[in-house]
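Novice: Based on the sequences and whatever the hints tell you, model everything.
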Amino acid sequence: MFEDKNSSDIAEQYLNLPRTALTLECQMIVIGSYKCIPQKVMISYSGVRFDVPLVEDDTSFVTLDVKYRHVIKLLINFEQTMPVLFLYMSPSTGTKIRELLGMQDPKGPYYDPIGKGTT
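In the working numbering, the protein residues as written are 1 to 119.
If you're looking for bench data, these hints aren't it; they were derived computationally from the structure.
Positions of the beta carbon are idealized from the N, C-alpha and C atoms, including for glycine.
Do not rely on the hints blindly, as some may be mistaken.
[Said to hold, decoys possible] Each pair of labels, with its calculated beta carbon distance range:
#1 Ser44 to Glu99: 18 to 26 Å
#2 Lys73 to Thr20: 18 to 26 Å
#3 Thr81 to Asp57: 30 to 38 Å
Specialist: Quick look at the structure:
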């Protein structure tokens, strides 16, 4: 596809490639010890976006738009019985997610991105 082209031509072609996204219907999202039923999850060229209900008010949603540069590891299993998506976040991104969702009390639903306990 990129044969016999100089690097600027290759970059231009790459930037003009169509950006597709995959939308998933998830039965559950688990963020630390917080389990919730999300809206749709969108996996795109730039990252993963999903709407999650607030811990204290499940009628209000926060949109989490996680760029891949903030993801340490991403694991996906599309088995028919139970498809699973695991995102391991950088500590700073995990802290921001915890604050956005109102996870202030470690005794309640909590997310510690550097913890070894709950996912």
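Novice: Compare the structure with each hint and give your call.
Specialist: A quick look at each hint next to the structure:
1. At about 24 Å, the CB distance of Ser44 to Glu99 agrees with the hint of 18 to 26 Å.
2. Distance hint for Lys73 and Thr20: a CB-CB separation of about 23 Å, consistent with the stated range 18 to 26 Å.
3. Between Thr81 and Asp57 the CB atoms are about 33 Å apart, so this pair conforms to the stated range of 30 to 38 Å.
The structure is consistent with each of the numbered hints, conforming to all of them.
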